[in-house]
Amino acid sequence: MSYKAALRVWRGDHGRGDLADYAVEVNEGEVVLDVLHRLQATQAGDLAIRWNCKAGKCGSCSMEINGRPRLACMTRMSTFTEDEVLTITPLRTFPVIRDLVTDVSFNYAKARQIPSFTPDPSVGLGEFRMQQADVERSQEFRKCIECYLCQNTCHVIRDHAENENAFAGPRFLMRVAELEMHPADTADRRDIAQDDFGLGFCNITKCCTEVCPEHIKITDNALIPLKERVAGRRYDPLVWLGSKIARRPRSTGTPKVPDNRH
Amino acid sequence: MTQVSDAPAKTRAQISQKTLRTDRWWEQPAIVATLLTIWVTYATVHVFIGKWYWVPQYHYLTPFYSPCVSGECVPGAASLGTWFGHLPPIIPYAVVSLPFVLGFRLSCYYYRRAYYRAFWRAPAACAVREPHQKYTGETRFPLIMQNLHRYFFYMVILISILNTYDVIQAFHGKTGGIGFGLGTLIMLVNVVLLWCYSLSCHSCRHITGGRLKHFSKHPVRYWIWNRISWLNARHMQLAWTTLGTLMLTDLYIWLVAAHVFSDFRFYN
Chain Z
1 MSYKAALRVW RGDHGRGDLA DYAVEVNEGE VVLDVLHRLQ ATQAGDLAIR WNCKAGKCGS
61 CSMEINGRPR LACMTRMSTF TEDEVLTITP LRTFPVIRDL VTDVSFNYAK ARQIPSFTPD
121 PSVGLGEFRM QQADVERSQE FRKCIECYLC QNTCHVIRDH AENENAFAGP RFLMRVAELE
181 MHPADTADRR DIAQDDFGLG FCNITKCCTE VCPEHIKITD NALIPLKERV AGRRYDPLVW
241 LGSKIARRPR STGTPKVPDN RH
Chain D
263 MTQVSDAPAK TRAQISQKTL RTDRWWEQPA IVATLLTIWV TYATVHVFIG KWYWVPQYHY
323 LTPFYSPCVS GECVPGAASL GTWFGHLPPI IPYAVVSLPF VLGFRLSCYY YRRAYYRAFW
383 RAPAACAVRE PHQKYTGETR FPLIMQNLHR YFFYMVILIS ILNTYDVIQA FHGKTGGIGF
443 GLGTLIMLVN VVLLWCYSLS CHSCRHITGG RLKHFSKHPV RYWIWNRISW LNARHMQLAW
503 TTLGTLMLTD LYIWLVAAHV FSDFRFYN
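If you're matching them up, the sequences are chains Z and D in order. Here our numbering is used: the first residue of the first sequence is 1, the next is one more, and so on. Here our numbering is used: the first residue of the second sequence is 263, the next is one more, and so on.
It is worth saying that the hints were derived from the structure and are not from the lab. Just so it is clear, the structure is predicted and the values come from calculations on it, not from any experiment. Backbone N, C-alpha and C define an ideal beta-carbon position, used for all residues, glycine too. It is possible that part of the hints are untrue.
Now the stretches of chain Z that chain D is said to cover, found in silico as 3 or more residues with beta-carbon under 8 Å [said to hold, decoys possible]:
no. : segment
1   : 8 to 16
2   : 88 to 99
3   : 113 to 122
4   : 224 to 238
Chain D on its own, in the form it takes in the complex (with noise of 0.2 Å):
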């Protein structure tokens, strides 16, 4: 490794605060590290209650228990069967999807700077000095292991799928047959919103097309990688936005399930 010229640090300018910054630098990892603490508080209680998940009048599952795969589902919900026999109540009942989209989440090029700001102050704001006495990055265990994004991407492309099957068999009218309320509606919007978000993925942009050198050979690719870059622009709007329908449509169903309120129906 190359020797650069010296820089030490104590020539720099000898400033004892940790920023000059007048504005309200603070304000915004405050703001991420309280909604960001709210969502997982509300996810980690639902995702264990184990119940109020499933409306069977209208087949309404909450993404939190898709796939329901423990043996303690209720048959209607358990889309994809019963994988396993009566699991203890620290495993949640969708334990097949839940840690890859924790692992997406938590490896997602933007909710790492959302909460290496928040949480970890490094820094908490541009040009406002870290805590930290060492730092070393994403070179080593355990950071290192976020170049394994892209496997969570692939991992949540399936579980899309699956979200996309629950909101078809959620098209279920009360007497049978077809059918749709206002459950119906904010699963689908939800699922659209968790598809936007998936795709536009930074690994799944360097996927369709950012890993090529020569865009002009792979027309489709290329055109694919634009539509992909103008969802990227919009990863993190995307991220908060489908942490909301998330929330949303869980807390929907769980108070449609637990008959605190009818869902209000367009039809059947």
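With the rest of the complex left out, here is chain Z (with noise of 0.2 Å):
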């Protein structure tokens, strides 16, 4: 069974554009990169879409769609009614190269500023072990597929462009919570993940979990645990009083985030 999809699809470059009208055929089975790619073989040939696995592993074809951030190749046509129009623009937290394709090099930037896993460096190469609970905590959150769907439906960047270079955004402070859980890892991250990557700024309104393709529980498993333990080095006052009198002494060799690295 087909029919006729009625797209509103943002056609435009560096933020100046409108929404095109198409009518596009659908068949049965089809998901709406599907749609986007009839579209651009028989309407739109100079329609640019960003694409690249069609399974939802590649992170490439993030946009939104009836205004919820989401995969194009994951989103099925089935979802939508056959009198529904879709309203199809790009992630509205990037700068717009062209059509539906975004710029998100802000994240490559984030990802660089921080310090990278570092290991006590008098294990040498290929003692150290671990153990399977140990693992399984940033094993979830290496799930990530790097849409930055996450990062684009945070409203502290999304609404407040002012705070791109205070705040790091959901993806990267799951990373830093990773390298901090990790046994492995000897660097005290609290401190930059409050100061440098704006952890402060996460009101825990769960919507980068409600994006996440790969279903990683980002706010409960990553940035809470985060903020707990940021609580517990800044804002604690019992660990505070026991690192007074050396009982819990405070940990160091925080490091800092490295200047000038674009």
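Two chains, each in its own frame: build the complex with the hints.
Structure representation (structure tokens):
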């Protein structure tokens, strides 16, 4: 069974543009990306779309479909009624290069700022052993496909571009949490999580978790545990008192964010 | 602080609508705001009313008045004794517990999400533009105080112990000795769910095991962390259920104490 779907697709570049109307054929079992490819092949040869795997694993085809951040390759047309108009726009948080393609280099810059894995130098290569129980928490975060839907939907930068310098976004706070929980990582990342990556901006409204196509519990398993760890270092008077009477020495060696690494 | 590559907002897609969502995104924050408002209004009224909080025949004490420490508490209700003389009407009888219970719920990670969305609209729903010009989140006073959630958790554990004691007291028969009725059962269910809600707290999850780097070196704490994590995944449901059971428990005791109806007794 095929039908003609009504599409409103954002066309334009460098932020300037408008929604253009199209009627495109839809066949049974298709996803939004299939329909966009048909639009490109039949009516709008110059439509720019970023895509790669068509299997929800490369994170390239992130866009907003009827206002919701989603992967076009994982959004079935059968989730919409045949008479529903589909409005398809680029990710709102990032600058538009052209049509549905955005410049996500903000995320690469943030990724480079995170001090890398810091193992104990006295443990030789191949000597460290980890149990499955120690690995499991980090494994969940490693499912991330870098689609940046969480970065896009987080209101801290989506609605307040002025926070882009101070806030790394959920994806990279999750990376900080992953390293902070890693049993072989010796660096204390709690201060930089708060000061340099803006953990305090997060008000745990869980939109990052809601849009994650890998169903990673970003808020519950990464951001809140990281907030609790920061609270332990920065805002817990008992920990502070313990460090003063030297029963619980404060850990040191918090790596600072490297400067000027674009 | 490193400067990230320029991504000036003006080159984002210039879309004037605050959202292009076509689903009923406004429904959930509206429901949450309504339910929280109803609950807070109800609790405020009964906390300050100063009567119908104790059923002397069966030793039912509503959790809103536990511990009853005001000089105006009826003798049987003051299980910890009276700590103060007569307090002005703007101070509730359970003044030593209510601020901590309130602080625990206000700084709870689930309720924060609920009221930031429902009342502050930051954001009301995902991918819906928030109405504020500026946003600093929990980086400044007063919201930076949310980091004290674990201290409210510690206090609430003590209060839960007291609530458990109140339930044990409520196994009291009309003629003395052991007895139980529908009120006892409601109080028991309420206190079990209150324990579940308190122990499912994210701070509890952190304290019991989440703060560790090496789970394999602490198998007991890892086991506890796994159990708490299971409960934690149900924190939202427990948050709402306990609001309901608290209100039901209080209302039942209120109505029995006011002689609107009698307690349904199973034994004695």
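Evaluation of the provided hints:
With 5 residues having a beta carbon nearer than 8 Å to a beta carbon of chain D, the segment 8 to 16 of chain Z meets the requirement of three or more and the stated coverage holds. Only when three residues or more bring their CB closer than 8 Å to a CB of chain D does the claim for the segment 88 to 99 of chain Z stand; here the count is 7, and the claim holds. Judged by the Cβ-Cβ criterion of 8 Å, the segment 113 to 122 of chain Z is not covered by chain D as claimed, because only 1 of its residues qualify and three are needed. Note: the segment 224 to 238 of chain Z has 11 residues with beta-carbon separation from chain D under 8 Å; the three-residue rule is met and the coverage holds.
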